[in-house]
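Can you join these two chains into the complex? Each is in its own frame, and there are hints to help.
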Amino acid sequence: MAEWNTYSRQEDEDEEEMEGEQADGPHKVTGRDCLVFLVDASKEMFIKGGDGCPSNFDMTMHAVRNVYTNKIISSHRDLLALVFYGTEKSKNPRNSFKHVYVYHDLDEPGAKRVQDVDALRGDKGAQLAAETMGSGETSLSDALWCCANLYSDIKLRLSHKRLMIFTCRDAPHGGNGAKDRQARTKASDLKETGVVIDLMNLMKPGGFDISLFFCDIVSPPEDDSELGLQLDPCDKLEDLQKRVRAKEQKKRALARLCLCLSEGLSIAVGIYAAATTARKPGAIRLFRESNEPVRSKTRTFHTQTGSLLLPSEIKKAQVYGKKQIVMERDEVDAIKKFDDTGLCLIGFKPMEKLKLHHHIRPAVFLYPEEDEVKGSSCLFSALLKKCGERNVFALCRYISRRNYPPRFVALVPQREEIDEGKAQITPPGFNIIYLPYADDLRTLDPPLCPLASQVQVDKMKEIISKLRFKYRRDAFENPVIQQHYRNLEAMALDMMAPEDTEDLIMPKVDQIDHRLGLLVQEFKDLVYPANYNPESKPAAKRKTVESRGRAEKKAKVELPEDELMAMVKAGTLGKLTVPVLKEACKQFGVSTTETKKQELINALILRLAP
Amino acid sequence: MAKAKSALILCMDVGFSMSNSAPGEESHFESAKKVLQKFVQRQVFAESKDELALVLFGTDSTSNPLAQDGQYQNITVHRDLMIPDFELLEEIENQVHPESQQADWLDALVVCMDLIKKATNGKNYDRCNISLLTDLSTQTDSDHLDVIIKNLKKADTTLQFFLPFPAEEDREDGDGSGPGHSGLGKGLSTQQKNGLDMVKHIMLSLDEEDGLDEIYTLRNAVEQLCMFKRIERRPMAWPCQLTIGTSLSIRIVGFKAVTEEKLKKTWTTVDAQSHQKEDVRRETIYCLDDDNETEVQKDDTIQGFRYGSDIVPFSKVDQEQMKYKHDGKCFAVLGFTKKNMIERHYFMGNQSIKIFAAKDDQHAGVAFSSLVHALDELDMVAIVRYAYDRRSNPQVGAAFPCIKQHYECLVYVQLPFMEDLRHLTFPSLDNKKFTPSDTQLSAVDSLIDSMMLVEEDENGEQRDIFKVHHIPNPAFQRHFQCLHHRAVSPGTPLPPIEPWLKAVLDMPEIINERCQAPLAELKKVFPLTVVENKKKPKTAAQIFGKDSEQPDAKKANEDDEEQEFNLADISEGSVTSVGSVDPTRDFCTLIKSKALPFGEVCQQLIHRIEQFLGNKNTQYYMKSITCIQAFREQSVKLENADLYNSYLQSLKGSIPNRGLEVFWDLLVQDAVSLISKDEVGGSSVSKDEASQFLLAEEKKEEEAAASTAQDTEDVDDLLDMM
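Protein sequences appear in the order of chains A and B. One gets my numbering by counting positions in the first sequence from 1 and adding 120 to each. One gets my numbering by counting positions in the second sequence from 1 and adding 5 to each.
Check the hints yourself; a few may be wrong.
Straight line, CA to CA, 35 Å or less: simulated DSBU-like cross-link-like pairs of lysine-lysine [unchecked claim]:
1) A:K542 <-> A:K586
2) B:K344 <-> A:K362
3) A:K716 <-> B:K261
Keep in mind the hints are simulated off the structure, nothing from the lab.
Bound conformation, chain B alone (with noise of 0.2 Å):
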């Protein structure tokens, strides 16, 4: 079957006029390209299977298929239909710029709507779209408009423009005619007014009713596309048949409505220099609950179960083979019982299936449809045996009937079992001592009434302004956000949470206001204490104010140097000397818990560098880079650069006669220099000499080089392979 994809053409104009802007405004051109990345990245991170080409037109230079004899110049195809990826969001973000041509935007049209129909040749869209975002500011020759829009018809394909002034002056969102926003009439040329009409005229002859919605502002595009696209799975189909006893059935379909969406993508363990996953390797081992924990084979070991004390060993085979085994898919109604008797809060599972009637059975329709209308009717339920397939685990349930203006279908939740149920029995809070007073509970009431979400507007039309059911996942919107941000500036912290969402997860700004008396009044007439509680100080904690003893992941973003210290302490236990395995962290740790004397430390470090040098592999070059590093880092910090610096100049001495060369061009490419006098007082090195010191090394090689090159050819491979 095929996919439902779309073709989708953002056809952008980079021509000279889109440059344009008025004073302390953003270029169209800039506005234009934001709402191309943002649209890319939803595309992006949703991995939609939509295809995407990007034509760009007004560029300076002319590659179309179209191109011949003088015509459609100044228009590049970018990237022809293909699955959006990050290498279109960097080519976005550093290829396309404004440029000093123009072109027409309807023989861009043109050509966008040649690209769809070569690509139609053969794969099956379900949609074709064609974005044009431009200023209109170009001569059109609109003698074939009225073939474009022929062709357009006949191929399907929908367009969308987005322009820099509003299409209609009423058209104007909300506030979006701010102070300085070009408005309609305002300083449009001819041209803009000509082609304004034309897209008009376009737009309506496409569909006549909502044509003109789809012309959108920059601005409101970019604003609408901050939000990254919600989950959407295609609905499985389960067919099966609902039966009441053995001689009554009706074929059914069943669909998931509602269930707690994952992100399809989990993270990958990668090794920290290389990036690679291939570099780590998680492995078991077994071992004996004895004093040497032997180790045992995997293939030495069965499976077992606890049965109380016992340990029962039951291999898989014998448990295949004794377990429960059930007929497979089935929706078997096992009885009907009032609705009243299902109480919401005992629905299990995760998730609530609607049922419909058979697609395309008229019989089965009419069957079904008795059967909700009269539990509806009767105000009951059916309870029901639910079974997926023969490989999962048999469900009871409650099947609802649900009748709504368009369709009519049984909602099924699955219910306990009797292994399942914990009964809970609590003091009754109707004693004396917690009874509030009738001030108390009016208190409650106005805050109730200051409260509602729900409210009643001049028609009598209920409002919700408060739909959880309309707010995307928080959890997802975050995620996709820090991804993109690393993606697309790596090495900086992560943002902070955008406002935008943090609006939307908090009070409606109108009840926050509302409610501020009867709060006031509320904490007046109920006195609340904190209980010191010696016995669970943590919990205490961690109730009433941030826990310091746990490390917070939001202060862990600001002082990340901190948060890597106190980690180490947690998972190493005490660090008492530099070891080989990560000398950078001990190091650091040492000097921080000040355990040993400076000197003595760095001596510690200086050690496990020249071990790693004398292994002459760059694996552990780089390790020792980041030594010397650290090094620098924390004599910077204890402003103490004499041990660093006399090290450093050392090490410099004795590359030549160690064959270092190598390690020597790292640490150039790294530009770890000696220490100043600007850094550390106390250091005898002044800043030039301290840039000097790589630099020179360099020069003074190539001069040894070129003098001794006049000797000796060899010297010249040598060269060159440096």
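Just chain A, same shape as in the assembly (with noise of 0.2 Å):
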């Protein structure tokens, strides 16, 4: 039995792959990505800033939480852990560490956890913190090595696992030199393992140095370049969050693959999203007496003797011109095969060429995997810099994936930009922009309007002067998303009702008229007569044409036969409404479901045809 489910469930996914074969595809899950916040709490953590800042420990904690909540929109399935070294009490799984205080061990977020760091947070987290685990002693081997424990006590498989400090003190043992040397010791332990160790300095008076002892724990940087250890300390919650951001997701390739420029002559490249939509995540099926999750299986059976049907007893078909056409499964994806997966070079254009309305789909990041082949990032590398100074871009064929059907793109190159940080703000690479075929462009008849003359013009770059703003990307968050999570978070929680969310994407109207004052009279007075309602519509009077036209034609759904009979020969059923239609199939006697009007045309035509 398990082999005919696997085998339906898996076409149910081809299907539903080809259906949105998004540049996004699903990522290949290999095994549990974890990240483990070793958060000091020693008094230092705790001392306020100048001018009501909030103390590092306070920032710390609501960049925590920003995670955890980011966790559980983006990724759920991540593990995450929070670990408090220099504390008074003690708390770990065997009790074995002192002073290291294990807030949560490694497990996927959930509502309660977030309500556990929110706790800790502002003025009254630090009295709790200070009540349930007090500033005591460091000793940063023995947090580490509580750490190592955590991760070696999952029994999952794990991908990427992480470990980020947050502290603001550079010689946590006061100079204790055997007390450091362990550390590195215990540190080098864990990089062994593959953790990768992430320094978050925070401020402190007269500076974070990192030469002082944090240089020979935290993991060197991927690319052996000095970049990194010379990060200034962050002062900022949003400096912190952003650096936060930026280690806390794992860059995954959605492929990777050759970018051929000819025949012998490819290098390796992986593909990446910058930006995917994020969705709503679908519903479960719950046992409504237990509310234990169930499992859907679906199978496929012949009608009449109810046997399950093999792979081979099924094939595909289309209607088209009254005919049916039947295909093997296979060949229906053999169709969809054109070549290998792959990126093709084809040529260069100038980088006008490219138009701004083409666009048909998020677009995806190229940069190259030297591991796969050697001499692929000093080829890719000399391409990226010779487009950008040519103000060119690569035009390649591109197929992502096997039996996909090839589209074309432009490599768009994108040179790397650093802030004053030093932190990366744009990585080197190609950026690949999906292009359009003929069948894409829909041919359109714009209406003739007349032109504005230059005062009218100028008259709205005044409004336009008066609304500017600087655009941020991040700026915007999902209403629909962040409403959804705060349901089911007050669900979660048994709170009496959601959290208020910020429709951030609401125009602010209050402001924009006050700010706009008597300008927008003064634009209405030169564009629009004085009787001239723009709100009103003059298609008012229409509609209700129109409904009345639309009830008569409810009225009258029914068809008399030959008329219909006369149709179905003509095949001009496709003049009928979806209604007319659906109530032929019952005159008929044609039992159907579908609403598609398609569907319901091919459904009679196979009922009356001769």
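This is how it looks when you write it as structure tokens:
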């Protein structure tokens, strides 16, 4: 039985994939990512900054909470842990370490945990922390050892392991050489098991000197450059969050394939998604009595004999010109196959040939894979540099997956950009822009409109200047998703009502009106006549006619049989509306649950065609 | 509202002269028929609502409404105006033949016009067209030419001519005048010359300027028609108001301008034997995640969502009530920003929308125009909240000004939400290890030079030689090619990708030639070595060569059988005996794997066949026959005919006793006979015997019936039944 199920489910997935042949296909999940926050709980962390600035501890908790809620939305299967060191009290699995407090062990984040972290925020949070954990001696070695145990206690397959240390003390052991040495040993043990250690150094009076101690603790940056180590300490929550977020998300290649310049000249590249549409997750079915999730199984069987159908006993069909055309299942796949996966260079074009409105899919990002073909990075880098200099893009034919038809893409060069804090803002590489085929462009019939005079244009310019702002791509939250999670949060935590969400993509009309003041009226006086009201719809009158028309149509959905037969014969059923077709189906005893027009037509034709 | 559709009449000359041809060349009739077929195919697959009629002239018989008193003879209205289908294609294939009469093409034109006139009575076509395919070799009566032209004009009917020769010498496109191609003047009869003059006269009277453009040669038409029609959708207007604050609004209308088009039809699943989709049902069941996989009724399940590690039961009703709600349709400005703040690679969604001022509203037009120009002059864009309607989720997006010669608009594209973003960081490439040398950089430079797809011609105008947005989606072209192939020649393997399509997807030949030298240089200065990666051998294999582990679809085509067995192995695990679900497959798998001795496997198969025959049901008969066919095939393959022959002979013997005559008839129909010496050397059956084996039975039966018929009347009925 098992084979049947797996088979049919697989087919489902295939079909879905084909439906939305998105560039952001499902990630290949090979194991769980896990992230441990190791937070300094010494007294220094709780010192508030000047001007009512939050303490380092408060800032850290804020950042941690954000990661928790983001993970719930973006990748709830990742494991998170929160551990404090330099505490008075101790709490860890075997209670073998002093001054280490495991607040959350490695697990998927949930509503309860978010609440726990919330409790540690603000003045009340500092108080709670003092009560439950207190501040005491520091042994980073013990803390790291304890964290190592957290990783090894997990029985699941782990893929990416990361540890973030939050502290404002550059010499945690106060110059105790032995303790420093122990900590270094433990850190290198951890790194050997594949854990990446990051330092989130926080502001302290006199500056944070990494070279004192932490340079030996943290993992070397990926690219062997000096970059990363010399990061200035964070003194702003925003910076800290940015830095945490940059580290917290593991970049996963959507695909690794070759960029082929010509026969025998191919480099290895990875495809990454810098932006994918986040959606509300799908619902899970639960058993009513126990609220436990149920599994669904789909099977295909023969309607008459009731026997399960093998893949070989199923074929695929489409109807065209009243004829059913049947193909084998693997033929259906074979049709879509043009070539092997990969990018194939066609040529180069000046950047201005990339039309703004030729947009069909979000872009993806291309970066070389030196691990697979040595020399890839060098050639890639040369291409990137020259394309950038000459302001051209590379046109490629792209087959993203096996048995996918080709699309053409523009490889647009992107230079690396680094901010003042030496953090990377944009990575070096090519952005892949998907280009439309002839079928994807629609022919429009643009209405003829009068041109505005310069006076009118100038007035509008004044309006525009009043409403200028600096666009940031991360400034807008998706209200639909946020509301959904607030609702869930409220239900999970038995809250009376969900937290309010602010709809950030709602125009702030009061502010706009205030800023524009009289400009609006001045502009209107210039372009609109006195009695013109753009809000009133001249279509209103027509609407009533239309609605009456609709009512009439509804009244006579039934068609005489001979008329219908004639239409079947002439193949003009398409002229009828869906309700009429449904009625006709009923009339001729065609049982169908279809709602699509074409399906209804097919059903009728099958029944009525001679 | 009336749908835009056309009435098209195809009027083809099938007369005597059309079957003429130069030696080694296709007859005009064949060329014209091809044009006809290609054209109808395109219409069928485009599911166009255009109605089509077929009129043949030069036919032996006469069948048209105007035929009276010896007028309009030898003209047949083969099919009245209706939406074309495969039936029409089959009729063209099988019923349109060269015939031996000749008819006046002007008469045929009149019949067509009459057809349109009658059809347009009460129906609304927005275009009427008559296409004449003829060699003009008939005597024409030009007396009524002026009346005809007048009527064509009056009815607003357009004309197209498809001729075997070009209308003008210099009109022969490109290399059209190949060897043996009948050029103008050469080989044209007086009638044809007169005919051509008349055609020109008509066409120029209908359209003084471009009339002659509608005269095509058959040959060019075939070439142009091989591409399937691109998918066309009528743009849907989205009327709305662009608002800035509470008191400034402009009436606008939006249209989807670019979006990834999908095929309208999806595959349905049908039963392999009956080809009926009603025979296949899919069912989803739910079960608990316990050891027994206890099944749960759908009604006993509720909906829940994951919140991290928690699963929160959340009914549909609650969800509906608590979900984010908004006021519906809107296009509201949040503010304005510099255009360069919007990065192309952060465009989201899968479409771009063009926004225009509302139709027939001068004032909206002026207001809208001021906005577009102001944005353009300031090099800014509007950031807007866009919601299609109440049910759809609101978006944030950018509206770019776009000023063209004939129109002005805003181009709207969706921008990301915070939740959509992944912050990617990658190691810098300004690393000593990867920094390219000057030689390497100049090699890349000359590669770019040689591969520029946009060139300036002598007039200083840019010419793009590879316009992606002019290429038809190859997936659709291939899809229709295969569907068409399967529809007209079922039972044959799918054809390869058409050469023209392959060429369209490839680098232009001129570039290919030019870039060879720079590429060779590039190869020289950039050493590339494939890293043997033990960890991921599969990925490496996928990149650098065909992956032998995965079935290749192309290979599958060539070696169907092989493929099927592989699939079977994967989906079924190992086969240990011939089961009843798919005995044929089990049988073949077992023989292939040599898990059991041949005799043993055959015995198992025979056992199943006998079981099926016991059921006395047509479906089981069919299954038995496929078993026997497989039995035969494998026996031939393994050159061991004895087991099969002896079983078939004994089976034949037992037919009358077991009342399996119906089954035997089926077997005879399928011509499943004994294996002869010719096929397998070891067989004791001669070729004649094998062919007589089934036949003889019939004869014998007939004889038997004949002999018994004399005795009793009843047997007659029995025979009738058979």
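(message) Holds or violated: A:K716 and B:K261, Cα atoms, limit 35 Å.
(response) Distance ~22 Å between A:K716 and B:K261 Cα, so the pair holds.
(message) Can you confirm whether the C-alpha distance between B:K344 and A:K362 stays at or below 35 Å?
(response) holds, 25 Å
(message) With the threshold set at 35 Å, check whether the alpha-carbon distance from A:K542 to A:K586 stays at or below it.
(response) With a Cα-Cα distance of about 34 Å, the restraint between A:K542 and A:K586 holds, given a limit of 35 Å.
Taken one by one, the earlier hints all hold for this structure without exception.
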